[in-house]
Amino acid sequence: VAGHDDVTSSAVRFARAPRAVWRTIPEMLVVTVGSAAPLRVSGSAPLVWQVLESPCTLDEIVQRLQHEVDAPPERLEQDVSRLLDELVAHGSVMPQ
Amino acid sequence: VKPQGGAATATGRSVPERLENLGLVPWGDPLELPPAEVTRLVASASHTGLVALLGAALDLGAVVGEAGTQEAGAVRAIVREEWTDRLATVVAHDALLVDAVDHLEGHGIPTRALKGAALAHLDEFDPSWRTYGDADVLVPDDHLMDAVDALGELGLVPLLPPVRRRWADRFAKGVTLRADDGRHLDLHRTLAAGPLGDRLDSSALFADGTPFDVGGTTIIALAAANRFAHACYHAALSATCSHRHRRDVALLAAKVRPADLPVVADVGWSTTVIAAAVESVTDAGAMPSDWVEWSAGAARSRDDERLIVAARASFATAARASIRDGRGPVDTTRYLSGLIWPQRAHLQARGLTRGRHLSSLLRSRP
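Residue numbers (the working numbering), protein chains in the order written: chain A, 1 to 96; chain B, 1 to 366.
One or more hints might be untrue.
Claimed, not checked - Some but not every residue of chain A turned toward chain B, in silico, with C-beta under 10 Å:
1. Arg16
2. Thr32
3. Glu77
4. Gln78
It should be emphasised that the hints constitute simulated quantities derived from the structure, not laboratory data. Ideal Cβ positions, reconstructed from N, Cα and C, are used throughout, including at glycine.
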């Protein structure tokens, strides 16, 4: 897995992995791909997952979420970046 | 409203009965649940499907923690944790479904997704409201063991080796397969055991279908009328008809009309079984009135009523009903010979020697 800065650099676009399957409930995303153990992520994960319906950069995701999440932009960017790292490491999101 | 121990609420229905109808009938005022009642619901068996419905009811505000208790937040957290656990099982099996369907299609074996995944994606208000613990796939009735062989390439192996290969291809309802990580796939040859399943026209079940998307893969379910009939069979023929069975029938009853029954009957579904299921769900209060009227006036076959009773009893009772239903001498002989003389691997998996198997058959003779 690439380091934090590499994975979430502003040029990289992120997309749901082909065959990723998921369920969302308020503030909880449960996702897996293939035979990987399902990953559970809370907080703004369902919103990020919804945005990832189309490939997006970190900046685009943060921009989209700013209207829906009550958090300062820097904090939001950190949270989304950390989430993307986790999803990429799991294999359910792919950097393009 | 403060129900105790599954007691009736102000509507006269227990909490599980009200959750069974969540979204299907007007809810009324929010229901206050004491922590002990929530604990009981969270511990309910996964086949009831109540944890997801309780979680959904909490999110909707239809159910609230007992006012004034500090435990309300903790109760909500416990429900969400259990719901999330069950959704983890669901997505693991959706991933298995995608792999299995794709692999079978690659081998030229058509599929129809059944029950949990199909209902969650096509019929439930939100897919997260429906939980399940396996993947269910129907294959054409002459392709069961071909499909077992194909899925073996993915590491899926029968939980119990079939009685005999040819017997399974001709008489088995299906084969349960297990992946090495513990996930299960029920591969169905038909949709009911014994004569009721034998009557179903496999090619008619595959003649149409309803597509849905899982992980970017198009999966095909049975057409709505056949999903309704299958849900009815599941509810009417199971030894215990759970809240989830009844909800499935009610959800699909909203999509299919009694006028669709001639099409269903052409496939070979028994209207007696469908009427029995509709009747059992009617008391829960969520069946559309046209179905209630239809079931009240539906003609019933006594033979099929006997088959319903047999299906709810032991395997031996169902097998005897199967023999009595008149398969013809050749098929009856083949059916019995498989049961009397199964392959050694089948006996070994059941921990039986051939001698012990034969003596147990003699003891169970009617």
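Grab the minimum C-beta distance from Arg16 (chain A) to chain B and call the hint holds if it beats 10 Å, violated otherwise. 8 Å, holds
Can the hint on Glu77 (chain A) be confirmed by a CB-to-CB distance to chain B that is less than 10 Å? 26 Å, violated
Going by Cβ atoms only, is Gln78 (chain A) closer than 10 Å to chain B? Since the shortest Cβ distance to chain B is 24 Å, the answer is violated.
Restraint outcome when Thr32 (chain A) is required to lie within 10 Å of chain B by C-beta distance: With Cβ-Cβ at 5 Å, under 10 Å, it holds.
Hint check: violations occur at hints 3, 4; the rest are consistent with the structure.
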